[in-house]
Structures are given as structure tokens and as C-alpha cells.
Amino acid sequence: MTSTIDLVAHRHSTAEHELRDEVRQFLGDQRAAGAFRPRCDAWMTAADPAFSRLLGSRGWVGMTLPGRYGGHDRTPLERFVVVEELLAAGAPVAAHWIADRQMAPSILRNGTEAQRQRYLPGIVKGECFFAIGMSEPDAGSDLAAVRTRAVETPRGWEITGTKLWTTGAHFAHAIVVLARTDGTPGDRHTGLSQFVVDLPHQAVEIRPIVTIDGEHHFNEVVFDRAVVPADALLGDRGAGWRQVIAELGHERSGPERFLSTFPLLEAWAAQTSDDPVAAREVGRLTARAWTLRQLSLAVAADLAAGRSPEVAAALVKDLGSRFEGDVVETVRRVAGAEPRRGADGLAGLLADGVLHSPAFTLRGGTNEVLRSVVARGLGVR
Amino acid sequence: MTSTIDLVAHRHSTAEHELRDEVRQFLGDQRAAGAFRPRCDAWMTAADPAFSRLLGSRGWVGMTLPGRYGGHDRTPLERFVVVEELLAAGAPVAAHWIADRQMAPSILRNGTEAQRQRYLPGIVKGECFFAIGMSEPDAGSDLAAVRTRAVETPRGWEITGTKLWTTGAHFAHAIVVLARTDGTPGDRHTGLSQFVVDLPHQAVEIRPIVTIDGEHHFNEVVFDRAVVPADALLGDRGAGWRQVIAELGHERSGPERFLSTFPLLEAWAAQTSDDPVAAREVGRLTARAWTLRQLSLAVAADLAAGRSPEVAAALVKDLGSRFEGDVVETVRRVAGAEPRRGADGLAGLLADGVLHSPAFTLRGGTNEVLRSVVARGLGVR
Amino acid sequence: MSDELHEEIRAAVGAILKGRDSQDDFDRSLWKDLCDTGFHLLGVPEEIGGSGGGLRDLAVVVDLLAFHGARVPVAESAFLAGWLLARAGLSIPDGVVVASIDQARVHRRDGLRLSGRVRTPWGRHAGHVVTTAHDGNVVVSPVSAVERQENLAGEPRDVVVLDNVEVTAVAPVGVEPDEILHRGALVRAVQLAGAARAVLASARRHVAQREQFGRPLARFQAVQQHLAALAAEVTAMRVSADAAVLAVEASDRGAAIAVAAAKATTSAGAHVVAGIGHQLHGALGYSAEHALGAATTRLWSWREEFGNESYWHDRLAAAEGSVWSVVTGGDR
Amino acid sequence: MSDELHEEIRAAVGAILKGRDSQDDFDRSLWKDLCDTGFHLLGVPEEIGGSGGGLRDLAVVVDLLAFHGARVPVAESAFLAGWLLARAGLSIPDGVVVASIDQARVHRRDGLRLSGRVRTPWGRHAGHVVTTAHDGNVVVSPVSAVERQENLAGEPRDVVVLDNVEVTAVAPVGVEPDEILHRGALVRAVQLAGAARAVLASARRHVAQREQFGRPLARFQAVQQHLAALAAEVTAMRVSADAAVLAVEASDRGAAIAVAAAKATTSAGAHVVAGIGHQLHGALGYSAEHALGAATTRLWSWREEFGNESYWHDRLAAAEGSVWSVVTGGDR
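Sequence lines, in order, name chains A, B, C and D.
Counting from 1, position 114 in the first sequence corresponds to residue 108 in this note's numbering; the numbering is continuous, with no gaps.
Counting from 1, position 327 in the second sequence corresponds to residue 321 in this note's numbering; the numbering is continuous, with no gaps.
Counting from 1, position 90 in the third sequence corresponds to residue 91 in this note's numbering; the numbering is continuous, with no gaps.
Counting from 1, position 192 in the fourth sequence corresponds to residue 193 in this note's numbering; the numbering is continuous, with no gaps.
These are computed hints drawn from the structure, not numbers from a lab.
Heads up, some of the hints might be wrong.
What the hints assert, rightly or not - Stretches of chain A that chain D covers, calculated by requiring three or more beta carbons in the stretch to come under 8 Å of a beta carbon on chain D:
(1) 74 to 84
(2) 202 to 210
(3) 332 to 341
(4) 346 to 354
What the hints assert, rightly or not - Just a sample of chain C residues kept apart from chain D, beta carbon distances all over 12 Å, derived:
(5) 179
(6) 217
(7) 285
Note that the coordinates shown come from a computational prediction; the quantities given were computed from them, not determined experimentally.
For glycine and all other residues, C-beta sits at the position ideal for the given N, C-alpha and C.
Could you build the full structure based on these sequences and the hints that come with them?
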């Protein structure tokens, strides 16, 4: 009957409120102590293993994992609160980000008991970092166009192929690779499987991809007949596509899809009180952030309730990633400050924000792809 | 070698400057005398036959027509200057607009000598008004999906069919109709012809279409075996599509494609001097209007030089029509005034602007269609 | 709004709304049916004559009425007047009762009398108007003289002229103008989200049915992309309004911020929704005969009422604390 | 820019630019070739050592260099320093000469000396800097100490430190800071339009060559719509810059307005162009190896230099007369 994507606003529990206060206090202390400087896009670019370990020691990594793997049995919405506080503060969480967001739930759901024992405790401690090998050359947004192959041999799986845009592979302890085990590239969604490959590996070469910000966050990862044990298979053989798609709801709707440039907004707002043009824009961005947060939270609540809000997640990421760019463009236009790479304060935050802005609407599915998902969800494709 | 649509900025001649001063003086006097009140979208909605006649007597209608038809042999760029001054002032030019913009050049180019003698002198005087029957039910932006038929009979052409969204048919002295004379609807671009039908006509029914502004600007025109003389054919039989397309450059790039809401901008700017938020926006819209005017002028110069800048015209209309909506949205957002139909001042101008805004990007080809034209021009379709 | 009670309300009100086609500015037949079932005073305490239920129950009704472009003043009566009367502990008079936006002046001469020109939506159809007074009272008085005005959707946006009118009831309960502004902003946010949903529903139908260049519009990628952007904005409007209703119902610490953000979001979203909606409908949707215009003219009107987005943006900018504390403060 | 002379200039400079691939911040080999042919001082009067020709001739060269992301300071030398020297009637010193943005302080002790910290694009590569002084003089002095800074494109945006430096030449000709700002804004507008054109050209190539989901990108309607919007904005930038060059060359009454509008248009357009450009190129264009980044980082840098669009919007808002008189005043 209703024609919208069904989402219901969520109200936080008292436990969630108390957790937020605790995290906020911690972050305030850390920042005051100089443990970090707020950065834009810190979840992609600011890797600090010591900070990750510190968060692990506070119980804020792998929070939702069961106690038997070292986890804390917290709810997904409690994790949401912690994560959004970290993001809003621009804290350096990139080292453990992928392990915490995607690989912990994926290994818990799809992994063997041995894989769980092997990886989850380290993730929870903030000491075991992951990369994900997904995109390939000539594939663009078409994730199904996978050419990397894994062949079963007596020594185990032999993996050959190239993955592009692999975040953090240069410091990760393991990489999860999507590879074709059966069928031909034309099969697209069938015959793909996931593998966990420990790093470093002598037949896996990790080459930096420098981006237009002059930095090295991404890698080209080349598997040259890299042999991994038979039990490196993650989940079912041939179920790789299904497993990857199931992760998308988690990947697309998180608060990192609208908060990447929040530290810039916060820094700017702190210094604009007497400019009416700036105040109006701060208010506009505040309202938008408030709404995006409600949306992101509603999707998280849906996920926590066991639903798979793939369409809603796509929709929230479309809106959220555009907001991230909107913040950057608004601040630069109104502030009139020249961005300067590596500079303190607004000039440096602006430089990060401007140089990363193309990534906001490309990573995790371009906005065109996301809108196709939404259109399909509305029944018009 | 260059990858842009080629347009060169135009500089006005002294004659053009003098003409502008003259028109501006005239409009100032008229407005002071209460002859008109500036309106948004006046070229579509504000028909005032007396004002049209007055403009005719000043030599500002059918300006580019040859003297032998009563015209003034002025250049297209001189006409541009007059027209943009009228539009910026929000003067009531709707009565003669279509006759002056489209039908005068079309009849001059395609018409027989008898048709020229019959219609052009009246147009020049601002006394002969035209409508154009183009869109049909179930056709949308697909102008080629014409079902209206004209059959040759011993008594002349017998026209049957329905035209929608026919501006000003209720006061026009004639209507130009695109009808199928040969072939089948599947032929689309061939077998169509244009006819001039004098109004009123006993077998032509003109029914008002009231739009969401509560007003009557458009009509449904029903031809029920309407017989017109053999010499009502305009141009060549079967050349109707080509003739219509040739008019599009004129129709799409004119200053009415970015100035429809200029009177609202001007009225707002006059009362915002001490609000820094408003001032910033006035400056932004001023810069944009300046650039759109340069673009529109450059296309006009191209047309005047005998070229057919179909792609550039589509591009300018895409930008210009979005600007018209941008003006309305900006003024309402910043001014915070509630629009009120029929009210004096900003509230009334806002109401017109808001209620007409859907039309800006629909009429004369939707923006999607225009962008397809541009994409084709760039060689990517 | 997914639980069972809300589904029941939705179904019942949906049944009442079915097949209505009033051209009047006030759909008396619909109003009567709503009165007969008590939906016109949902969310108003039974003690003062309301139908009981919570704010979110009422929001479901208001949303659905907005979705259908229904010409009845439930927002003005239950959501605004009912709330004011409940605050004052006054009973609801019979007939149509609406709230004024402006304050009036109370004075004693022979008995208690009220004077002032107060903007009062639907005033022409009201038997009584609930007004706040300069002295902090809530006052009920009969409506006699009315100056008629309309918004772009043709809804009554009248000025009630109170010229030394004898009051019906009064209670010494201070309600600040700012509270009325917030309450009005909240209900308009709910209504805007409802009207936006109507645009989306209409657009979905239109692109599925209509063909162009020999294909259904829904098959064009540009149309799909527009529709998805439309759905995104409508969802944002809906969730923001829903969250604000929740916050106000629970008297959250951040309720005022939630209302500000929701009204700002829904007011700003109106432009996006109406713009894409009309673009997808083509010329057809521009005709007064098409239902689209009823939704879009309401979007264009309601966004300006009780503060447009710029007004609320300025208020949010002036809120205490960091941006992040404002953004997260809305739910405690 | 369609007439024959401009086509000749375009062809000649295009030939010089062909196949360059310098990774340095200053392409000395290209600079030498430009010097050898005189294109580095086009538009500067022959009497002071320039190559002659008009401002629009020079704009053709600057546009083309920007299109190619060439790492040479023609904008700073011919367009800015050359113009200042011509205004002052001073000859052009040998070597690289650039203009400072800030004023310096002239004083006499033993001879004429200059002091100050002046922002000077390309200062590190310059033999001499042309500076305006607080007393209204145009002063030429050698560059000794430089603090290195870069913009987002890695272009030198240095501070030249003049510590009691003996001047090379001086002329008592008043040039206002505002004139330098306008001149700088004009050249950046031309450069922005050139870089925008590079984005469009790259996007056209990319979508024609690249396949996704089994089809060339160019076949997707969403891609076509993006590309058309990109072309529209690029054309707007180009025509606005062209019109401003014409107006300044002819010393039109509205030349200052034309420069303001053109810099505002090109600065605001940079966001649209870079945004669509990156979106169409996908991840590939985000790599430092792809040429797209050279164009987009320049767009992001140049839009802020010599006043961004907000600065010029405020200036335009403050202009005398009605909006329409401002809009049309730019060409007399």
C-alpha cells in the first residue's frame, strides 16, 4: 500500500545513551592528549594500529561478536553508537575498519569454526586487520565481472588474478578474495567463491596505487599462482556472490556513508558564529546530517532486527555520499579558504575533503548503480 | 580538435546599444504610466493585444522581416536586444509572441507569396496572433508521434485530430498544425506537413486546459474534419518535420529560455540590500544570468550568421530553464515570503514563479530530451 | 509506523477516504465520516472530549489525509487546537475548532472579551477558534468575521477578525508563541511527508503506464534514476517526520531540535520532490485535472508555513553545543 | 575564438605541446620552446620586449596550456607581469618574470630597496618579481629567498621574501590592488575554462572506450545525460571567459563586471565539471596516474585563487543599478 521504502525511526535505549557518553568522553580525552588529530575520511585513510588496539582494549572492536571468540555480545545498535562517535570525531580507525565492519560478521556467519578461532579474537583485540579483494581491472562498478581464478590442486587452492583498489592491503594481516572456482566469466553470479589469504604471502604482490591526493591508501594486489590451504575457502564453494551481496547492507548503510567529512563541518562551524551566510549553511547541513543519521539508524535497526534492507541501504548511501560532498563544497565556497595539503586546521581538512570528494560517490557502488537498485526495489526495472 | 560546442561571445554594435536605450526608455515610461505590471512568464501568460499593437507601432514586432511585407529589415541581433528588454521587464508580450518568434520567420521561409502577403503585414503591426498545434495526447516529448491527419479532398484539405497544450489558441487568428498527409504513424519523420488554419473555424473546437496555477493559457484544439483551402499547406508536402526542426534553434535558444522569472529576481534584489544571505544569492544569480545571456547571445549570433546551432541551442535551453527555476527556489527560500496568487509585489510574483516552475523544464523539449540532443552532438549516442 | 495499531488506523481511515472527489475547499462529507468514527480527534485526551490515543496515532491519520490531499482540517483541529485545549484543560467545543497562529488581546469590559486579527487556517469553516493571548491565557471564542485567503493549494488560510468578541472559555495557562510554532512545524512536517509520498506513488503509476518513443517510461534509465532520487528524498522526509513525532511524543530532551530538523528537511525536500514529480509526469501533471497538482501545490504551500527551511536552519545554527551534539541530541 | 589567427596560434602551440610528459613542477623544456617561439610573451607590447598581439591572442595560448595541464607560468608572466610592466612602461627583464599578488614596501637607504613577504605564484622559478608597492609604484626586483608552497595541483604558490632587496627597476605608476585582483581573476577564468575542456575531452574518450555490464559506457542513458550536463557547464565557462577577455581587451565600460561574472561562473562551474568528470571516469580517474586528476586538481585550486565565486558574487551584488543593468552592462 505505501509506496516508499519502509523505514521506521529508531529511538535509542538508555544503554545506548550511556555508551555514547562513555565513548565521547574517551575521545575527548584522547584528542586532548594529542593521540589523534581529526581527519576527513579517517576510516579510509587514517590507519593507526596503536589506536585500534586501544579501542580493542576498551571493548569497541568486534563488539557484536559472541564472548566465546573474545567478543562482547553487544547489539548492532550499540556498535552503531560507538562507530558514529568515532567517525564524527575523525578518529584514526582505518586499520581495523574493514575487519570490524565486514570480515568479523562475515567470518562469524560463513566461516568454519577453525576460521573463527583463528581470526575473530585478533579482530576483537584490534590487532588483526583485513583487506578485501573485490574490484578488478576493466570491471568498474560491475563486480560480477571477476576474472581472478582459484583452481583446486593437491596442495590447496591456487589463486591467479589481479585485484584493484584494495584498501589497506599494505598493512593487512589477511585479505578476502572473490575468485572464480567454477564456470566461466559469462556465468557472472555463479561459480564464485571467497578465500581468506594470510599476508604477506610470497606469491602475492602488493603494489601501491597513489591517488590524486598524493597518498597511498589503495593497492593493486596481484596473485600469481598463490597457493593457499584447502581450508582457506570462506563459506560455500560457489556461494561467493551471495555472500558478498549479503555484506552490502552492512557496507552501504553505515554512518561512514554520511560522516566522512563531518570533522570538516565541525571545525568550520566552530569558527563561523558571526557570519550569517555561514550560519545559515551550518544550520542547513546540521538538519541534513540529523536526517541522514535518522535514516542510517533506521536501516541499522532493520538490520539488527534480522531484515535485509538492501534497497533502503542503497538509498541512504546515495543521499549520504552526496551530503559528504555537499559539506566540502559548502565549506570551501563560503569559507573562501584555500585548501592546503597537510596544513593544520581548516585548510588541511579542506584539502583532504576536496581531494577525496570523488571517492564518496564512487566507492561502495556508484550513485548510478545505487539508484538502479532503488528503482528495481520500486518495481520499475 | 576542441571538444566543446563551438560558440563565440558576441559584442554588440553601437546600433544595438542605441536600440536598447530606446526600448528601455519606452518600457520605463509605460510601466510608470501603469500600462503593465511586471509578471513572471509574461511571454506565455500575459497577453495584451493593445500592448502588442503599441509595440508594432514602434517597429518592434516582426523586426527582421523585409520592408515589402511591412517589416523593418532589422538584424536578428537587434531583435534579440528588443526581445530581451521586453522579457527582463516582464512586459505583456504573449499575444504576439508566437507570431513574432516562430511564425513570421517560418512563413517568410516556407510560405507562398500569397501566404506572406496575407499574414506578415498583420504580424508586423502586432495585430495578427498565431498558435501552434504540435503536441498530441499520449505523445509527451515525442513530437513525431503525430496522429492528426490531413486528407486531400476536392474541397481542400480535411484535417482531423487533437492537439494539446496549444498556447493562446483562444485568442489566435490562425493556428499552424502539423499533420500527417502521407504514410503511417510508424513513418514518424516523413509524411508530415504543416497547415495554416484561420481561426475561428466552425469545425475546430478550442477547449481550455486549466493548469495548476488555476489559469487558462493552454488549449486542447480538436479538428473534426476541418476543411481548409488547398493553399493552406505551409511549405512542402511531407516536409513538415524538417520545417519544425528548423524552427527549434529559434525556439530553444531565445532569451525567453532564461528570463522567464527575471522580474521576480529584480523585484527581490530591489529589497534585499541589507541581508548578506540574500545579497550573496543575488550576486550568484546575477553572475549566472550574465553568463546565460552571453550564451544565448552567442547562439543568436550563430543563427544570424546563417548557421544552425541545434546542439548549442539545446544546451542553452537546458541551462537556462534550470536557472529560471533556480531563481524561484532561491527567492522563496531566502525571502521566506509566502506566495499568494494575484497579490501585489513579491508574494504575487512568487506565486506565478512557483506555479509555473514545472513548465520551465518541460516546454520546448524536456531537459532529458535536450541532453540527448547534446549527447548526440558530442557523438556518444 | 509499522505496528499493528497503526496498520489498523491506516486501513480504517483509508476506507473512509476511498473514492472521495470533493471540489469544495472543505469536504464536509469526509469530515462528517471522520467525526462519526472519532478520527478527527485522535491523539486528543478523552477527558476533554477527544478520542484518546497517542501523538503517533494522530500522525498516521494526518499523514494519510495529506497523502490523499483530503480537504479537512484535522491538522488544525486535533493536532493544534486539541493540543492547546489539552494543555489548558479546556473541553473541546462542538463543531469545527481550529487554532490561530497569532496572539489576540484579552480584555474585560462586560465579561471577558477578545480582540485581534489572527491568522487562522480554515477559519471560515470553524465554529470556534483557540487563541493564545498576550497575557499567557488560552482562550476559546466563537468565529464571526473572517477575511478569506488561500494558499497555493486553495486551502483556507484566513484571518479571523475578533472585534471585542465574548469568549467561550479561558484558562490561565501560558503557551509561548514559540511552542505553537514548533507544534505547527511538526504537523506540517508530517503533512509534507504525506504529500511527498503521494507524488512518488503517482510517479510510479505514471512511468509504468505511460509510453514514449515506443517504450514504457519506466524503461528509460534517466527515468529510473529520477525516480530513485525521488524515492530517496521522500524516504528522508518520512523518516525525519516520524523521528520528530516520536521525540515529541516522548518529550525527549532533543524534541525541539528534532522538530526543527524535520521541518527543515521536509520543507527543503518539497522542492526536490515536486520538481522530479512534475518532470516525470510531463505536461499531463501540469493540468489542474491531474491529481499531481493537488500534492505539489500543498508541498509548495506547507513548506512556507510555520517557518520554511531557512528559518529552521538559522534556529539550528543557533543551537547550543557542537554540530554533532545537536545532531545526536534529538533523541534523549 | 574562431578566426584564422587564433586557429594558427592554436595549431602552433598545440604542436609545441605535443607529447610532453614532464613530472617536474616546471617544464623547462616546454618553457624554452615557448620562449624560442615568443608565445610566452604574446599579448605583451613589443616596445617593452613582448611578442605583441592582443589579449585574446594571449588568452588562446593560456587556454591551451591549461587544457594540457602544462607546467609553465605563462599566466603569471605574460598575462600578469607583462601587463604590469606594460602599464608601468618598464622593459621585461630576461629570464622568468612573474607578478606578486601582494604589495611590498619600498624604501630608500643606500639606493632603492624593497621589503615584504609577497605571495608569488611560481616565485621559486622566477628570476624577477614584479610587485606593486604601497606608494603606488610598480617595482621589479630580483628573487632571492622563497618559501615554497603548493596548491592542490602541485603548482608553485610561493611566498617571495624580500628583505631589503635592491630593486631592478621602478616606475611611479599607480596600480591598485583591485586591478591586480581583476587581472588575476580574468586569467584564472580563462585557465579554468581550459581545464574544464580537458575534463570533457577525457570523459568523451573514456565513455566511448570503456565497457561496463557488456556495453560501452556511452550507451547508458545516465552516462549520456551526465555528459551533456558536463558539456553544458564547460560551454558556459568557456563563453563567459571569452566574453570577459573581449570586454577587457576593448576596455568596455562593463569590463569589471564581465571579469567578476566570468570568474564567478568558472569558479562555480569547477565543482560541476570536476564532479561529473570523476563520476564518469570511475575509480580509474581517481588514480594519480590518470590525466584527469591534473585537470581536476587545477580546477579545485584555481577556483579559489583571485577570489572564489562567493567573493565575486558579493561584488556583483554590490554593483550599482538594477540586476538587469548589471547583466547587460558588461559589453559597452
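So, going through the hints one by one against the coordinates:
Under the rule that three or more residues need a Cβ within less than 8 Å of chain D, the assignment of the stretch 74 to 84 of chain A is violated, with 0 such residues. Closer than 8 Å: that is the beta-carbon criterion, and the stretch 202 to 210 of chain A has 5 residues meeting it against chain D, so the requirement of 3 holds. Counting residues of the stretch 332 to 341 of chain A whose beta carbon lies closer than 8 Å to any beta carbon of chain D gives 4, which meets the minimum of three for the stated coverage. Check result for the stretch 346 to 354 of chain A against chain D: holds, 5 residues qualifying (beta carbon to beta carbon below 8 Å, three or more required).
For residue 179 (chain C), the requirement that its beta carbon stay farther than 12 Å from each beta carbon of chain D is met, with the minimum near 32 Å. A cut-off of 12 Å between C-beta atoms confirms that residue 217 (chain C) is not in contact with chain D; the least separation is 14 Å. For residue 285 (chain C), the requirement that its beta carbon stay farther than 12 Å from each beta carbon of chain D is met, with the minimum near 21 Å.
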